[in-house]
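Chains as they are written, first to last, in our numbering: chain Y, 1 to 177; chain H, 1001 to 1344; chain L, 2001 to 2237; chain Z, 3001 to 3650.
Treat the hints with caution; some may be incorrect.
Keeping only pairs whose Cα atoms sit at most 27 Å apart, straight-line, the calculated DSS-like set for lysine-lysine is [what the hints assert, rightly or not]:
1) Y/79 x Y/159
2) Y/79 x Y/95
3) Y/61 x Y/95
4) Y/95 x H/1237
5) Y/153 x Y/79
6) Y/61 x Y/79
7) L/2111 x L/2124
8) Y/153 x L/2073
9) H/1344 x Y/61
Stretch by stretch, here's where chain Z covers chain L in the computed footprint (C-beta under 8 Å, at least three residues) [to be verified]:
10) 2026–2035
11) 2044–2056
12) 2125–2134
13) 2162–2175
14) 2187–2200
FYI, nobody ran anything at the bench for these hints, they're computed from the structure.
We treat Cβ as the ideally placed atom computed from N, Cα and C, and that holds for glycine.
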Amino acid sequence: MVRRALAVFTACSLLVACEREERQFRSAPPFGGPVRFEEDYQNNAHALSEGKRLYSAFNCKGCHADGGGGIGPPLMDEKWFYGSEPEQVFDTISKGRENGMPAFGGEARAPGINVVGTVPEHQRWQLVAYVRSLSGLASRNAAPGRNDHMQTKPPENEKEPETPVVAPPPPDVVLPK
Amino acid sequence: MNSRAATLAAAMALLAAAGCAGPERHSVVDPAGVQADRIHGLWWLYLAVCVAVYVLVMAAVAVALVRRRGGSDQPLTAPPLAAEVRRGIAVAGCVGLTVVTLFVLLIADFVTGRRIDSLAREGTLTVRVTGHQWWWEVRYEESDPQQQHNAFTTANEIHIPTGRAVRFELESTDVIHSFWVPNLHGKTDMIPGHRTKTDIRADRDGEFWGQCAEFCGHQHANMRLRVIAQPEAEFQKWLAEQRQPARESAPKSSQDRGKGVFMKSSCVLCHTITGTQAGGRVGPDLTHLASRPRIAAGTLENTRGNLAEWVTDPHGIKPGVRMPANPLAPEDLHVLLDYLESLK
Amino acid sequence: MTVTATRPTIDASRLPAEVRDGRTPAWWGNVLFMTIETTTVALLLASYFYLWRNYPQDQWPPPQGNTDPPILKPVPDLLLGTVNVLLLVATVPLMRLVDRRCGRQFDDLEKLHATKPSKAPPGKRPPARPRVVMYGMLAVFALGCISLVLRWHEFPALNVRWNENAYASLVWSLLGLHFVYIAIEVVEIAVLFAWAALFEVGENQAGDIILTAEYWYWTVGVGVVIYAVVYWFPRVV
Amino acid sequence: MIAARPDHPAPEPDDAARAALARTWARAPGLYGWITTTSHKDIGLRFVVTAFVFLALGGILALAMRLQLATPQGRALGPDAYNQFFTTHGTTMMFLFAVPVMEGMGLYLVPLMVGTRNDCFPLLMNFGYYCYLFAGLMLYVALVLNTGPDMGWFSYVPLSGPDYSPGKRVDVWSQMVTLVEISTLVGAVEIIATAFKLRAPGMSLNRIPLFVWTMVVTSFMIVFAMPAVMLSSTMLAADRLTGISTHFYNQAEGGDALLWQHLFWFFAHPEVYIIFLPATGFLATIIPTFTRRTIFGYPALVLSLVATAFIGFGVWVHHMFATPLPRVGQGVFTGASLMIVIPNGIQIFCWVATLWGGRIRVRTPMLFVLGFFAAFLIGGLSGVLLASVSIDVQVHDTFFVVAHLHYVLIGGAVFPLLAAVYYWYPKWTGRMLGERTGWVVFWLVFIGFNLTFFPMHHLGIWGMPRRVYTYLPEQGWHGLNLVATVGSWVLAMGLLLLVVNAWWSRRYGEVAGPDPWGAGTLEWATESPPPPYNFASLPTVRGREPVWEDDGTTPVVTGLATDTREVLVTTLHDAAPDHRYHMAGDSVWPFLAALATAGIFVGLIFHPAAFPIGSVATGLAIIGWFWPSKEPEPIHHEHERPAVPDGGGE
C-alpha cells in the first residue's frame, strides 16, 4: 500500500521537474558550458523570477512598462519586431536596436545606439526568459505568480500563450530624444 | 542518579549565569547603550529568580527520591488524610509564592518597558535604515529643507555620536527583516508596508555588530551591519566627509581608466557613485566605499584581494547574493580596483 | 480484571439499541464538526475586519480602478444575495417539519421495539416513508439547488473579481466557503432521500435525517451572518 | 448501592464466546485487511510508528544542519539545501511527529483506559491516518525532488509569497499542512466522542484517568486552533497558485503581512500545549504507578489542564513582540504569558507532592520522568524570560529561542513520550524493553540533549540569530557550535539504541504478562497485547484506579452482541449505561476518500481544475462510505435501564 501511495505521489510530483526548482547561483557562462535555455532559464522558476527582478532593476519598465508598452513596444502581445526566438531576443537585448532600444551587452550593433553597461550574459538570458514569459512563452509551472505590488497585468503564470508573429516595427516608434 | 542529573543541570544553569564572556561586539549581556543596559538589569532579575526556582524544585525532587524508596508494593489508593492535607498546604503555599513572584516580574517588566520607551530625544539625529535582500541601506536625513543637499546615503555601516539619542526609521523594500544591534537595544522588525522606528543611545565608544534577525532568504546569515559609536567631533568629521561627492580622479590615471571600466561594465547599472553618472539604486551606494572597513554586508574585510574576489565571483562567497559575477580582463580588474580603492 | 463466576453483572442486552440526539456519539461528532466549521468562518470574518481596520476606512470597499468609469465604492448588489438568504431562511420551517416527523417516526418505532417499519408488528406498523419526510426533503433539496444557482450568480454581483484586491479575495472566499457548505448539505439530503425512497425510514435513517437537519439549520444561520457582513457592512461603514 | 445482581453471576466467557468476539472484531486477512482495518490498536500504533519514522527523517536533517554549523563558514550544505533542511525539519517535527504521535497514543490508549472495544468512529480514524500518511509522503517526495520548502516553518509572508518564493516549494508546504490538519481534526473529534460516550459504567467525570482528560482537553484545543492554520495556509496557497492569485497578504492591494502572523500564531502557540498536555498525561499516569500511590491533587490537575487550554489561546502575540504593537497590548500578552506559568506550576507541584507521598521505584519509565523534571523546567523557566517584552526583543529569533523551544518540546514532550514508550511497549507487544539498555538510552539521550541545546542559550545571548546557515570566525561562536554538534550525535546514538532495542524486544524481549508494572488503569486489566475486542466482558469502574481497587467483586457488563461490533454507550456525566451502539465494520471507502482528498491538494499545486474534479471524487467516496449497510438486526427486548454500580464511599 505504502509503495502504491508512494508511486502515486512520485508520479504527481515528478511533474515538478527537478531542474525547474534548481537555484543556479553561479550559473551559466563564464562558469558553465553552452547555454541550456530550456532547462536553465525557460523552465526554471528561479531564473524566471530573477529575470522579473532584473526587468525592474534595469528599468526596462521605463519604456516597456509592465509589458503593456509605452515609449517602447508592448511585450505582452504576440508581435515581435525582431523575432521571438531566445537567440533573437538575446541579440536585441545585448546589442540594442536602432529605434531606441539600448544595448545591455557592452557594445552596440550600430552607432547611435545607447550602450548602458554590460549586463552579465546569464542575467541577459534570465531577462530573455522573463520577457518571453510575458507573452506566455514559458512553462506555466515555472513562470512567476502575482507580485506584491499594485496589479497592472495578470500574473505571468496566467498569461495565455501567444503565437508569435514577426512584424516590422511601426514607423512611429522612434528614438526618444 | 537523579540528584546527579539535578547537579549536572544546576551546574549548567550556573554556567549560564556566569557564562557571559562572549564576543563583546554583539552580546546581550555586554550593554553599551542605555536601553540594552536596562534590559540587561531586568535580564539578571529574571535569570536569578528562575535559577532559584529551578534549584528549589530539583532539590525537592532529589530529596523525595532519596528519602522515599523502600516500602511495600501494595498500591495506596487512599493515602492518610493528615499527610495529604499537609502536602495540600505546601502545594497551595508554593502556588501562592509563584503568583506573587510572577506579579513582581510583571511589574518589573512593565516599568522597564516604560523607561525604555521614554528615551530623552533632545537634539536627535534621524537615520533611515532600509532592509534589502541582503544588505542595509542607510540614509542620513536632513530635517531642514534648505539642507537637503546634505542628506546622504551609505550602506551596512552606521556612525552615531556617543551619548546622543538617535532615531532610526526602519522600512523594507522586499521581505521582512529585523534590525538588531544586541549591545545597544532589542530588535525591531522591518515590515514592508509598515513604518517602524526605534531610538538608540550609545553610552560608550566602540564598534558594535548587528545582524538581520528575521529569516529573509538565502543570505540571511550574511546580512550584517556595523554601528560605530564615536565622540561628537569625530562623528561630525565623518559626516562632513560622507557629504562630499566622490573625489575626481586625475585624467589618464589608472583610477580614471578604472572609472571607465566601472561605467561600461555591469557595476553602473546597480550602484550609485555621487558626482558620476552612476546612479543605480539596486545595490549599495559606493561613493565612499574605500572609507568602509568591510564589504559584502560585513562579510569581508575591505582589502584589495577580497574586493577582487567579490567583484569577480561573489557567489563563491555568498551563494545566492544579488551581485552578479563579473568576468573582467585582468587589466580591467586592476584599474577598477584602483578606482574603487580611491573612493575614500 | 479477570472475570470470575462470583462477579455481579450488568446485563446490557436489555438496553435500547437505537437512541437519538444528545445520547448518541453521532450527535457529538456532528456538533464537534459544526464547532470546527464555526471557528473557520469566525476566523475568516475576523480577517475581513482586520483588513478593513488597516485600510483607509473612508474608502471601503477599495475603489475599483480598472473599470470605466472607475467605481469609487463598489458595494455588492443587494438583490440576488437578499433573495438567496430569504430563500435559505424559508427552508428552515420546512426542514423543521421533516425533523419533527422523523423524531416521531423514531419514537413510534422505539415504542414497538422495531428498528424498521417492516420489522414492526403488522397492524400498528408506522408508514415506511412518511409523506412529510419525503416531500419535505424533496422540497429542501430543490430549494437548496436553487440557492446554489443563485449563489453562483451572486459572485458577479459582487462587482469585483476575486483577484483584484484583498477585500475581493475575502468576500469571494466567504461566499465560496458557504457555497461549499450548501453543496455538501444538498448532496447529503439527496443521498438520504434516495435511501429512504429505495428502502424505508427506520430508526437509523430517521436519526441521520435529524442530524442533517441540524447541520442545515447551522448552514442557514452562518449564511445569514455572512450575508450581513458581505452585503451590509460595506454599506453602513 | 450495587445495581448489578449478585444473585445473577456472570458465566466465565468461554472460549466459544471469545472466539466469536475475535471473529467479529478482527480485521480481514491480507493487504486488504491491512488497508481497511478500523481497529484503534492497529491505527493508533500505526500513527505512533509513522510518527517515529518522521522523527528519524527530521532528525537526520537536523544532524546535517549541525554538521554545517559545526565550524564557521562550513561547507557541508549550501544556503539553499540548509534552508530546505531546517524548514522541513521544523515542519516535520511540529506537523508530522509531535502532534500525530500524541494523537496515536490517544487513539490507542483512550478506548482501553475507558474500558470499551474501539474508538467511536472507526472509519473516520482510518481516513485520518491516510490523510496524515499522504501529507508526510508529499513533503518528503518534494524534498527529494529538490522542491522542499525553504522559507522557514512559520513561513512568513511576503518571503513565502509568490513574489519572493518562486516555484512550487511553498505550495507543497501549504497544501501538506492543510492536509495533515484534516487528519488531526478528525482525530480530535474521535477522541472527544470516545471519552464522552464510551466510558465504562461508573467512570463518572471525576474518575476519568488523567491521560484521557489531557487528550480531551488537547482535542478541544485542536478543534479551535487547527482551523486557523488550515485557513491561513489555504489563503497562502490561494495567493500563490496559478489561476487563483488572490491578495490576502499583498500589502499593495489591501492585504497585510501581519494578518498571516496573527492567524499563524493563533494556531501555533496553542500547538505547543497541544503537544505538551498529552505529555503531562503520560506523567500523571506513570508517576502513580512508580510511586505506588494515587496521584496527588486530581481535581487541581484537571482544572489546571483546562486553565492552560484557555490561557493558551491568549498568548499568541508574544511571538510578535518585535512587530509594531502598542505597548499596552504587549503588556496584556506579557501578563497572559506569565499567567500560564500558574497552571503549569500547579501540575509540577502536584507531581512533586506525589513523589513525596509515595514509595518511588526507579525503572526506565520513571527515569525519563525524572529527566523530564530536569529538562522541562529549564525550558519552562527560559519561557518566563521570553514572556517579558523587553527581554524578548533581545533574544527573540536567536538561538536562545532555539534552545528554549527544544527544552520545552524535547524536555517537556519527548522525554515523557519515551517514558510512555517504555511504559506501554509491553502492552503493545506483550514483551518488555530491556531495563539495562533503558538506562543506557536514558543517559545517552539526556547528556546528548543537554550538550546539544544548552550551549544554544549562550549563542543566542551572544547574538547568534536562528536560521543562519553560516557565521564568521571573528564572531566567536565556533566553540559552542562544535559542542552542540557533538551533542547532537550523542543524542542520535541514544535514540538509535532505543530503536534497535525495540526491534530486538519484539521477538526476544522478556514476556510481560497483562500488568508488568502493577499499574492501576484499565488498559492493564486485559492481556498484552490486547485481543481485538480489548475486554472479554466490558469492565465497570468504582474509582480512579480500577485495577488497584478491584477486589474481584466489581461488576462486569454482559449481554452485548458477540456477532456484531456492539459496544456500550454511557451517559456523559456519571457514565450510567445508556444504550448499545453498533459500530461500522471495516471498509475501503475511507482509504479511497483520503486518496481523493490528497489528490485535490496535490493537483491544486498544478491546476485549479483539480478542486472540482477532486471534490467530486471525494464526494463519491464519502457517499459510498456513509451509504447505510444492511447490517444484521440487533436483538430487542423490552427496555429497562440498570443503574450505575456505585463506587461505595461517595
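We went through each hint and held it up to the structure:
At roughly 15 Å between alpha-carbon atoms, residue 79 of chain Y and residue 159 of chain Y fall within 27 Å of each other, so this suggested pair holds. With a C-alpha separation of about 20 Å, the suggested pairing of residue 79 of chain Y with residue 95 of chain Y holds against the 27 Å cut-off. With a C-alpha separation of about 19 Å, the suggested pair residue 61 of chain Y and residue 95 of chain Y falls inside the 27 Å cut-off, and the hint holds. At most 27 Å may separate the alpha-carbon atoms for a hinted pair to count; residue 95 of chain Y and residue 1237 of chain H exceed this at roughly 46 Å.
A distance of roughly 18 Å separates the Cα atoms of residue 153 of chain Y and residue 79 of chain Y; the hinted pair therefore holds under the 27 Å criterion. Taken as a hint, the residue 61 of chain Y and residue 79 of chain Y pair is honoured in the structure, with Cα atoms around 18 Å apart against an allowance of 27 Å. Under the criterion of a C-alpha separation no larger than 27 Å, the hint pairing residue 2111 of chain L with residue 2124 of chain L is consistent with the structure, at around 11 Å. Our distance criterion of 27 Å between C-alpha atoms is met by residue 153 of chain Y and residue 2073 of chain L, whose separation comes to about 22 Å.
Of the supplied pair hints, the one linking residue 1344 of chain H and residue 61 of chain Y is violated, its CA atoms being roughly 34 Å apart against a limit of 27 Å. For the region 2026–2035 of chain L, the assignment as covered by chain Z holds, since 5 residues bring a beta-carbon within under 8 Å of that chain's beta-carbons and 3 suffice. Residues of the region 2044–2056 of chain L with a Cβ under 8 Å from some Cβ of chain Z number 6, which satisfies the need for three, so the listed coverage holds. Look at the region 2125–2134 of chain L against chain Z: 0 of its residues bring a Cβ nearer than 8 Å to a Cβ of that chain, fewer than three, so the hint is violated.
For the region 2162–2175 of chain L, the assignment as covered by chain Z holds, since 11 residues bring a beta-carbon within under 8 Å of that chain's beta-carbons and 3 suffice. Remark: the region 2187–2200 of chain L is confirmed as covered by chain Z, as 3 of its residues place a Cβ nearer than 8 Å to a Cβ of that chain, reaching the required three.
Hint compliance for this structure: hints 4, 9 and 12 are not met, and every other hint is.
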